[in-house]
Amino acid sequence: MSSLDTLARESSQAVHKSVAGLSAPTGAFGGAVVASGIRRTFTYAVAGAAAGMVAVFALLILSPTDTPPTVSSVTTTMPNVTTSIPDTVTPTTSPAPDPGTRNVPPPAEQGNPSAAADTTPPELIVLSPADGERLKKEYATFEGKTEPGAEVVASGKYRVDVAADGAWSIGLVLSPGGNGVVFEATDEAGNVASVRMIIYYDAETTTTTKPVDYPFTAYQKYGTSTDAVPWDKFYGKSAPGAKIAVTSEFGGGSTVANGDGQWELIVQFPGAPYDKTFTVKVKDDLGRFKHFSFVSKYTG
Amino acid sequence: MTIRPRRSATATGEAVQSRSGTVRATEAFDAFYRREYRSVVGLAYALSGSRSASEDLAQEAFIAAHRNWDRVGTYDKPEAWVRRVVSNLSVSRFRRKSSEIKALTRLAGMGRQTAVLPELPSEAEEFWRVVRKLPKRQAQAIALHYLEDMSVVDIALVLDCSPNTVKVHLHKGRKKLAAQLDFDTGGDQ
Chain A
-12 MSSLDTLARE SSQAVHKSVA GLSAPTGAFG GAVVASGIRR TFTYAVAGAA
38 AGMVAVFALL ILSPTDTPPT VSSVTTTMPN VTTSIPDTVT PTTSPAPDPG
88 TRNVPPPAEQ GNPSAAADTT PPELIVLSPA DGERLKKEYA TFEGKTEPGA
138 EVVASGKYRV DVAADGAWSI GLVLSPGGNG VVFEATDEAG NVASVRMIIY
188 YDAETTTTTK PVDYPFTAYQ KYGTSTDAVP WDKFYGKSAP GAKIAVTSEF
238 GGGSTVANGD GQWELIVQFP GAPYDKTFTV KVKDDLGRFK HFSFVSKYTG
Chain B
10 MTIRPRRSAT ATGEAVQSRS GTVRATEAFD AFYRREYRSV VGLAYALSGS
60 RSASEDLAQE AFIAAHRNWD RVGTYDKPEA WVRRVVSNLS VSRFRRKSSE
110 IKALTRLAGM GRQTAVLPEL PSEAEEFWRV VRKLPKRQAQ AIALHYLEDM
160 SVVDIALVLD CSPNTVKVHL HKGRKKLAAQ LDFDTGGDQ
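Chains A and B, in that order, give the protein sequences. When we follow this note's numbering, the leftmost residue of the first sequence carries the number -12, and every step to the right adds one. When we follow this note's numbering, the leftmost residue of the second sequence carries the number 10, and every step to the right adds one.
Quick caveat, the hints were computed from the structure, so don't treat them as lab data. Take the hints with a grain of salt, since some may be wrong.
Said to hold, decoys possible - Label pairs and their in silico Cβ distance ranges:
| no. | chain 1 | residue 1 | chain 2 | residue 2 | range |
| --- | --- | --- | --- | --- | --- |
| 1 | A | L273 | B | A40 | 51 to 61 angstroms |
| 2 | B | P172 | A | G164 | 46 to 56 angstroms |
| 3 | A | G143 | B | A40 | 27 to 37 angstroms |
| 4 | B | P172 | A | G143 | 52 to 62 angstroms |
| 5 | B | R80 | A | R146 | 19 to 29 angstroms |
| 6 | B | A40 | A | P163 | 30 to 40 angstroms |
| 7 | B | K176 | A | Q0 | 18 to 28 angstroms |
| 8 | A | P163 | B | S131 | 57 to 67 angstroms |
| 9 | A | N245 | B | P172 | 32 to 42 angstroms |
| 10 | B | E132 | A | T106 | 48 to 58 angstroms |
| 11 | A | E125 | B | Y84 | 18 to 28 angstroms |
| 12 | B | D85 | A | P163 | 51 to 61 angstroms |
| 13 | B | P172 | A | D(-8) | 18 to 28 angstroms |
Quick caveat, the model's predicted, so the values are computed rather than measured. Even for Gly, the Cβ is constructed at its ideal location relative to N, Cα and C.
This is chain A alone, in the form it adopts within the complex (with noise of 0.2 angstroms):
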């Protein structure tokens, strides 16, 4: 093993050590770990702000991801000064503080005793998608979590089904534009939390680009054969990748029009009968058609 080899293996050494005392921030991934990042990453933009400098981070801290994590409301406390994050969950329409439009930390974190009444509202967390988020697809898919046992009912009527840990899924068919939704988790002394959120479904405006016209366009080589299994040549022009079938009382075949939408096909007619006129039609998948006749002249 080389020098640099060493080296490289005692300094991923070191990196190894420096993160052994590490062990994942929650039990579960959840609102808990999502809300840290957060918090975290803010703190940053209130010293930016301080040292005159909000303006850039702003834009960079404040959006940490494309897709951003879903939580209601961290408030972060720095020396003179208190601020919160907008909400991302809950509208800012709220009259007043209503616990239950928040995202409520877990019993334990509260330090709430076993012994007393619980009177804690259940955790709910929307895991994704994020508020006001701007979806281009009708179908959003909405993931959280919440106390283990609480009931979650979307949108007062849609019951969800939570999983023993609390995670929770449900798919909901948007409509277009703004689409209020409440989630409600009840637990099981009763206490509600809610959240509530407006995702936005962008419906694709359908452009309506004019077809292009492809004419159809089709010709016979021969019309005649002398051969014991007669055969003719049939060509022309349909849209790219058009399907053409050749069909007749006596055989038939297809092909696939080229990227110009040529197309040329060999078509056999095997029993055809002597010096009999029958019909061949050639068609494409649209629809358009023409026919021909052919004879066979084999006397053999």
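Chain B: place on chain A using the hints.
Only chain B this time, still in chain A's reference frame:
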């Protein structure tokens, strides 16, 4: 402004199609998250050099994995996916923001209030500092090779390139590292 649940073909009445599959996937994700968290933070640390931002970068990668878990969870190696995300975040996004964040951290003394990783020994710090100066792909390949002890094939999976390309990145990266650190490469693989 109406929301209606999408119903399964067999659903009747007011039944709401709930994607229980997603819930199951979430459970699997928790285990994945716990198992991979530490090493993903380590990778972020090595490639970003930031003791305070590494966990944020790792969390961002895991959030991305969580949001796409329906798809990512079906991969043979979802850990490769999350490493790809965190290594890309660490070398590109961090470079854009690192100097500003560090400045802010110094100004406001926020480092004391945020959980940060222990400082690396000076030799290790110097090694990773030089690695971070390498071209992005070379730095990623080096970090995955040494830190994660990954094979060329696995690195190729993470970086979404061919094994031969990985070999080239490793060769060039090691050569530059050796030059920068005054070492003999001892022959390339």
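Do the hints match the structure? See the list:
no., hint, verdict
1, L273(A) <-> A40(B): 51 to 61 angstroms, "holds (54 angstroms)"
2, P172(B) <-> G164(A): 46 to 56 angstroms, "holds (49 angstroms)"
3, G143(A) <-> A40(B): 27 to 37 angstroms, "holds (34 angstroms)"
4, P172(B) <-> G143(A): 52 to 62 angstroms, "holds (55 angstroms)"
5, R80(B) <-> R146(A): 19 to 29 angstroms, "holds (27 angstroms)"
6, A40(B) <-> P163(A): 30 to 40 angstroms, "holds (39 angstroms)"
7, K176(B) <-> Q0(A): 18 to 28 angstroms, "holds (24 angstroms)"
8, P163(A) <-> S131(B): 57 to 67 angstroms, "holds (59 angstroms)"
9, N245(A) <-> P172(B): 32 to 42 angstroms, "holds (38 angstroms)"
10, E132(B) <-> T106(A): 48 to 58 angstroms, "holds (56 angstroms)"
11, E125(A) <-> Y84(B): 18 to 28 angstroms, "holds (27 angstroms)"
12, D85(B) <-> P163(A): 51 to 61 angstroms, "violated (38 angstroms)"
13, P172(B) <-> D(-8)(A): 18 to 28 angstroms, "holds (20 angstroms)"
Comparing the model with each numbered hint stated earlier shows that hint 12 is the single one that does not hold.
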